[in-house]
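Visitor: Listed below are the residues making up each chain.
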Amino acid sequence: MTTPAERASRLDLVARLKSAYPELPDAPTPELIDHQRYAAYMKTVHDVGGEPDAPIKYENKQYEGWEENTYVTCEVLAWRGIWLSEERRRIGNVDVGRAIYLGLPYYARWLWAAARILVEKHHITSGELSERMAEVQGRYDGGLNGKPLEAKPKCHGDGLQIQRNRHHVDAVGKGDPHIYAGRAGQPKFTVGDQVVVRELPALFYTRTPEYVRGATGEIAKVSYESPAAEDESWDRPDAQPEWFYIVRFNLSQLWLGYTGTSSDTLQTEIPERWLQAAH
Amino acid sequence: MTEHDHELTVAPMVDEITDFEVLEIAVRELCIEKGIFTAEDHRRFTEFAEQIGPTPAARLVAKAWLDPEFKTLALTDPMTASKEVGVDWLDPTGFGTPSDFCAFHILEDTPTLHHVIVCALCSCYPRPILGNSPEWYRTPNYRRRMVRWPRQVLAEFGLYLPDDVAIRVEDSNQKHRFMAMPLRPKGTDGWEEDQLAEIVTRDCLIGVALPKVGVTTNVITDTRPAVHPLPS
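Chains as they are written, first to last, in this note's numbering: chain A, 345 to 623; chain B, 76 to 307.
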């Protein structure tokens, strides 16, 4: 039971949570959104490299039980073929949207992703999850009072009907990305080549950072063959592996007003589709 | 802030189960009931996760300082070198820890080149050989700034590098996992492997600190306590 005042107060709190340009109204008409703002809204929110920020106090953290359990649950879901790590990274780091991405603790997003994949892939229903959450909450009504926080599964399923990916079986004894070795043909670039990072639109997911797009760098290492994150993130069985490269950029050329030395560099790894020869 | 908001945001007086705990328990129960994974799978991976830490990485660097052949192995075949310090990157699943992959690369510092790692997209980190990443490594703050203002961020860790040492930031964003191999510091002549390993702290392997005689702890030691830690 909630009172009218409690319901209004809850809405007041939600309404103050902003993740939008303050000069624009909610749900703006199309002519109010120029290309730059469109790109900013569509940017994959995990890609924070180079955004201005002020120094903070860096701290360590002890982990709560649910955080450790969440990490393990996510890894075990991959071990047992429910998702690829790249699916987890997209769901928990991008699909969450900016407000959750910046607003919730790190492992809260991992947990959200685990729940999400189970519903998306029809392993559980959204209703089942809601009912179970309400039930767990009910077990601790009135406070913990010394009761241990524990899972109490009602049975142990044999899992025989569960749809699983091939990767968790095929990669055993080989590892990832080794499982894709020899499948991408000849690499297009070699160490020392000058390359430009393409400025491709990336609507839903990418791991090519925005801050190097359009910049010129040098191939530092021909890395390995693997499907690009853009395909692997949806576990496409037909994804074609391609070559990845570690590309080196000169920081004083990459950033306007770089304050270090002209010999400082940055390296990051980029799949072939994002690179073209520099002329 | 209204009085009602205040009531909603102030920590409760009784020790309540949190929203995170409710969801975590619900997800785990449903997975076990449906056979998506077993309670035994979860327990086995927990045991694996609890024993990883930076000790093998420190040992690897100490060995490389003492043995040029091992150093060459570490730089050219880091998977085999990892095995020599007790880390098999295929553990515990047979295809590795799913989030860390099996492509490890060690970055060798020289008198004129210093490496530091970051994952601007999230938290890529060589967990199997270095343990779980520290909380600060995962903050948007570190990730935003290290790729653009590395000398300022390193200074905040107390690391001031002269202009004749180039910084190389490794933004670890795909399947490779990286670790710095720092230079052996002065004053360690005649030291045994165990002594050397003690001064190779986790922060030295990330690249936010340099090994120093007499320093065996990380730069950042302040730690936020957990409200409901895992029972030991």
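Hints were generated in silico from the structure; no laboratory data involved. Fair warning: this is a prediction, and the values are worked out from it, not measured in the lab. Backbone N, C-alpha and C fix where the C-beta goes; we use that ideal spot for every residue, glycine too. Misleading hints may appear alongside valid ones.
Selected chain B positions facing chain A (Cβ under 8 angstroms, derived; list incomplete) [what the hints assert, rightly or not]:
1. 92
2. 105
3. 145
4. 173
5. 219
6. 244
7. 306
A few chain B positions that, by computed beta-carbon distances, are all more than 12 angstroms from chain A [to be verified]:
8. 114
9. 131
10. 134
11. 240
12. 295
Visitor: Give a verdict on every hint.
Guide: Hints versus structure:
1. The interface hint given for residue 92(B) holds, since its Cβ lies 4 angstroms from the closest Cβ of chain A, which is under the 8 angstroms cut-off.
2. Interface restraint check for residue 105(B): the shortest CB-CB distance to chain A comes to about 5 angstroms, inside 8 angstroms, so the restraint holds.
3. Violation of the interface hint for residue 145(B) is found here, the shortest Cβ-Cβ separation to chain A being roughly 22 angstroms, above the 8 angstroms cut-off.
4. At a threshold of 8 angstroms, the smallest CB-CB gap from residue 173(B) to chain A is about 3 angstroms, leaving the interface hint in force.
5. Checking residue 219(B) against chain A by beta carbon gives a least distance of about 4 angstroms; that is within 8 angstroms, so the hint holds.
6. A distance limit of 8 angstroms between C-beta atoms decides the matter here; for residue 244(B) the minimum to chain A is near 4 angstroms, and the interface restraint holds.
7. Annotation: interface hint on residue 306(B) holds; nearest CB of chain A at approximately 7 angstroms, less than 8 angstroms.
8. Once the 12 angstroms rule is applied to beta carbons, residue 114(B) is inconsistent with being away from chain A; the minimum gap is 7 angstroms.
9. Listed as outside the interface, residue 131(B) is consistent with that label: its C-beta sits roughly 18 angstroms from the nearest C-beta of chain A, beyond the 12 angstroms cut-off.
10. For residue 134(B), the requirement that its beta carbon stay farther than 12 angstroms from each beta carbon of chain A is met, with the minimum near 22 angstroms.
11. Chain A draws residue 240(B) into its interface by the beta-carbon criterion, the shortest separation being 9 angstroms against a cut-off of 12 angstroms.
12. With a closest Cβ-Cβ approach of about 5 angstroms to chain A, residue 295(B) is found to fall inside the 12 angstroms limit, against its non-interface label.
Against the hints set out earlier in the document, violations occur for numbers 3, 8, 11 and 12.
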